[in-house]
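Colleague: Construct all of the structure, not just a fragment, from the sequences and the given hints.
Chains as they are written, first to last, in the working numbering: chain A, 1 to 418; chain B, 1 to 418.
No lab work stands behind these hints, which were simulated from the structure alone. Accuracy of the hints is not assured; some may be wrong.
Same chains, same label: a pair holds when it works inside one copy or across any pair of copies.
[To be verified] Below, computed lysine-lysine pairings styled on DSBU-like, alpha-carbon distance capped at 35 Å:
1. Lys412 <-> Lys245
2. Lys268 <-> Lys147
3. Lys245 <-> Lys144
4. Lys5 <-> Lys144
Here the structure is a predicted model, which is why all the values come from computation and not from measurement.
2 protein chains.
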Amino acid sequence: MANIKASIITIGDELLIGQTIDTNSAWIARQLNALGIDVVRRIAVGDNAPDIRKALDEEIAASDTVLITGGLGPTADDITKPLLCEYFGGKMQVDERVLEHVKEMFVRRNRPFLERNLKQAEVPDNCTVLFNRMGTAPGMLFEKNGKLIISMPGVPFEMMAIMEDGVLPLYKSRFKSDAMVHRTLITAGEGESFIAERIADIENALPPYIRLAYLPSLGMVKLRLTGRRENEEGLIGEVEAWQHKLHERLANIVVASEDISFEQILGKLLNEKGSTLALAESCTGGYISHLITQVAGASKYLKGCIVPYLVEVKENVLGVQKETLEAYGAVSEPVAREMAERVREKLNSDYSISITGILDIDKVEGETAASRTAWIAVASATETQAKEFRFNHDRIRNKESAAIMAMFMLWKFIKGRS
Amino acid sequence: MANIKASIITIGDELLIGQTIDTNSAWIARQLNALGIDVVRRIAVGDNAPDIRKALDEEIAASDTVLITGGLGPTADDITKPLLCEYFGGKMQVDERVLEHVKEMFVRRNRPFLERNLKQAEVPDNCTVLFNRMGTAPGMLFEKNGKLIISMPGVPFEMMAIMEDGVLPLYKSRFKSDAMVHRTLITAGEGESFIAERIADIENALPPYIRLAYLPSLGMVKLRLTGRRENEEGLIGEVEAWQHKLHERLANIVVASEDISFEQILGKLLNEKGSTLALAESCTGGYISHLITQVAGASKYLKGCIVPYLVEVKENVLGVQKETLEAYGAVSEPVAREMAERVREKLNSDYSISITGILDIDKVEGETAASRTAWIAVASATETQAKEFRFNHDRIRNKESAAIMAMFMLWKFIKGRS
Numbered sequence: 001m002a003n004i005k006a007s008i009i010t011i012g013d014e015l016l017i018g019q020t021i022d023t024n025s026a027w028i029a030r031q032l033n034a035l036g037i038d039v040v041r042r043i044a045v046g047d048n049a050p051d052i053r054k055a056l057d058e059e060i061a062a063s064d065t066v067l068i069t070g071g072l073g074p075t076a077d078d079i080t081k082p083l084l085c086e087y088f089g090g091k092m093q094v095d096e097r098v099l100e101h102v103k104e105m106f107v108r109r110n111r112p113f114l115e116r117n118l119k120q121a122e123v124p125d126n127c128t129v130l131f132n133r134m135g136t137a138p139g140m141l142f143e144k145n146g147k148l149i150i151s152m153p154g155v156p157f158e159m160m161a162i163m164e165d166g167v168l169p170l171y172k173s174r175f176k177s178d179a180m181v182h183r184t185l186i187t188a189g190e191g192e193s194f195i196a197e198r199i200a201d202i203e204n205a206l207p208p209y210i211r212l213a214y215l216p217s218l219g220m221v222k223l224r225l226t227g228r229r230e231n232e233e234g235l236i237g238e239v240e241a242w243q244h245k246l247h248e249r250l251a252n253i254v255v256a257s258e259d260i261s262f263e264q265i266l267g268k269l270l271n272e273k274g275s276t277l278a279l280a281e282s283c284t285g286g287y288i289s290h291l292i293t294q295v296a297g298a299s300k301y302l303k304g305c306i307v308p309y310l311v312e313v314k315e316n317v318l319g320v321q322k323e324t325l326e327a328y329g330a331v332s333e334p335v336a337r338e339m340a341e342r343v344r345e346k347l348n349s350d351y352s353i354s355i356t357g358i359l360d361i362d363k364v365e366g367e368t369a370a371s372r373t374a375w376i377a378v379a380s381a382t383e384t385q386a387k388e389f390r391f392n393h394d395r396i397r398n399k400e401s402a403a404i405m406a407m408f409m410l411w412k413f414i415k416g417r418s
Numbered sequence: 001m002a003n004i005k006a007s008i009i010t011i012g013d014e015l016l017i018g019q020t021i022d023t024n025s026a027w028i029a030r031q032l033n034a035l036g037i038d039v040v041r042r043i044a045v046g047d048n049a050p051d052i053r054k055a056l057d058e059e060i061a062a063s064d065t066v067l068i069t070g071g072l073g074p075t076a077d078d079i080t081k082p083l084l085c086e087y088f089g090g091k092m093q094v095d096e097r098v099l100e101h102v103k104e105m106f107v108r109r110n111r112p113f114l115e116r117n118l119k120q121a122e123v124p125d126n127c128t129v130l131f132n133r134m135g136t137a138p139g140m141l142f143e144k145n146g147k148l149i150i151s152m153p154g155v156p157f158e159m160m161a162i163m164e165d166g167v168l169p170l171y172k173s174r175f176k177s178d179a180m181v182h183r184t185l186i187t188a189g190e191g192e193s194f195i196a197e198r199i200a201d202i203e204n205a206l207p208p209y210i211r212l213a214y215l216p217s218l219g220m221v222k223l224r225l226t227g228r229r230e231n232e233e234g235l236i237g238e239v240e241a242w243q244h245k246l247h248e249r250l251a252n253i254v255v256a257s258e259d260i261s262f263e264q265i266l267g268k269l270l271n272e273k274g275s276t277l278a279l280a281e282s283c284t285g286g287y288i289s290h291l292i293t294q295v296a297g298a299s300k301y302l303k304g305c306i307v308p309y310l311v312e313v314k315e316n317v318l319g320v321q322k323e324t325l326e327a328y329g330a331v332s333e334p335v336a337r338e339m340a341e342r343v344r345e346k347l348n349s350d351y352s353i354s355i356t357g358i359l360d361i362d363k364v365e366g367e368t369a370a371s372r373t374a375w376i377a378v379a380s381a382t383e384t385q386a387k388e389f390r391f392n393h394d395r396i397r398n399k400e401s402a403a404i405m406a407m408f409m410l411w412k413f414i415k416g417r418s
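Modeller: Next up, the structure:
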């Protein structure tokens, strides 16, 4: 069976001048991928008619379905709706159901309905309206040469609602595509080349319908196996057998056998052990706590966090000894150890993580390289370990690296891996 | 003068299956935009030769310069380098300078140099090597029909280093483009349509070379004026005069007249007043503290944060009275007020923010709607204000909204705006 191909067109000047990062396309791609639909191209164009028309021409020719996001707001810089209407040869008319919905949303938000908002209820007479339960701009479905062209607002949660309510059910009923299976292994602590070297023979033995991809990110490399075949039978088992082979070979560096974040990996481990965690974050400013609380159910294991951003707070609130701070300085092994021990005691948790350092390279210009250090400590009731880390990038990237390193250090501490 | 047009091609299956969000393109677009170069299209394609060739054909035809990121790693799934070599009619050869650099990077990282890594030092003989000080994969510059085609690795900080060291200086010397001026106003607390209504006459009076865009985000709408003209003279002054008109009209909702984040806006205000801040974040889990510490120099005003994620920590560490917690529950006005007051006292700051609530809609399924509430309080030495907020999206989005609402509430509290 031929694969179903999809293109995503994102419309908006804000994308082309870099004011907005496109998160919609990744979300859409994941949904389509789960249905076995291939996103073959993603394209972003500005709010101008010739570029939008050209993108429509190209993508309708290249794919079975085209998803368009953006350009549907109520203000003057949004030109997409009338353009699509004309492109597909229709004319604009008020849709009564949409009008009622738009008015109701204004009542609910306790806002007067403006003449300008009437425009939002106008839709091309040659489209099928895709209801938007989260906002006032409706989605639109056009058909041309047997291809489905879908237009949605760019506001992420409105787009998601239209996809879930209208588009994905439509795709399920219209398209029948290849069977596709993804399996992931997450490794930490070793580089892409070294992993590739260790598993070269396995990679070379993969059948043509199973593909291996290396996805490196901060401190981690994800290995993704994709099996894809017309015939679904046995495919899951086969991909999982290859995943198992890779897992055995890389046992010492594998931290998860599913595609989850490091905060989820750590959360699972704490849940399995029924253990609790407390954090003392200085230079990461609460970022580790933020990541850990992104995971639903984190209140089962995270007791809380203290961010002693200034030295006085390390002493007065967290209870690090003045003598230690004076003798070794705030960025030191003894202070990291005391921070981890004190926060574990204060919050009465099984484990703790602490971090103290300087992550901002600008800040220490002209000073010795030693000041770019961060000390991370992890503690249990019976043991404390501390380690020095160096970070060489900018403030924001260093914070991300430090958070991953700190969670990984605790994970190894609990697992008894060195 | 004709505008200089650029296209960005991003290569990688991980983008098309939604495993990775493309942040590179936005960064590149901002750099090019500052030089007056228009990014007219951004396109993402998978790791396969026909799609990459097609994208090259199209974008080289459409633009003056094409920037390619991704597909240059040392493993088997990266096919871009040999493909570019062949596309531009060259052959691969080891570049001695790159080889030396790659070997040196391995020594520095204390890793053995593998045969496989030798490939990284091979480059097409028809390109100019763009040195990569941050990694082993070199950038490459090809020229065809007077157009510049640049290939860079997809790892963000490596791409950024090559752009800064090689590409941007090259663009500056090669291209002379229109003068372009952006000015932004950030508003909070009013919707896009209402703002458009209030400034319709000003928007209609804009000259054709100045354009207004509305960029709504959580709780805020950015208004971006873009002036663009061959002749630079007076353009900045003119755009700023229009910005001033809009600012006057929207004075009650403008929170900043430059394109900065809300945490920067709040940081500036605290800096101006020489005031300090402490945070007590329950349901946001340290996210506000994380945002505030993303801003360089935050240690001038942020003393620290306590995340009392569990109720026991609210009582034992933060010092909220047991009686208050028992009488009103953890998500209540009295608890929010006590949290704000206690954290301000404990951390000895001028101002404080507290938040307590349930942001996770899954968690409260079947319970009354009231439990989806968060209470936010702000305090100074003489006054405490508290307010109830409702959040209707998923956990992650609700956390973002709550953080913006909390920072905005303190901003208004300090400014004396209601």
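Colleague: It remains to establish, for every hint, whether it holds in the given structure.
Modeller: Now the hints, each set against the structure:
Taking CA atoms no more than 35 Å apart as the test, Lys412 paired with Lys245 passes inside one copy only; the shortest distance there is 23 Å, against 59 Å between copies. Neither within a single protomer nor between protomers do Lys268 and Lys147 lie at most 35 Å apart by alpha-carbon distance, with minima of 43 Å and 52 Å respectively. Taking the shortest alpha-carbon separations for Lys245 and Lys144, neither the intra-copy value of 47 Å nor the inter-copy value of 46 Å comes in at or below 35 Å. Proximity of Lys5 and Lys144 under a CA criterion of 35 Å is satisfied in both settings, with 15 Å inside one chain copy and 31 Å between copies.
The structure fails to meet hints 2 and 3 from the earlier list, while all remaining hints are met.
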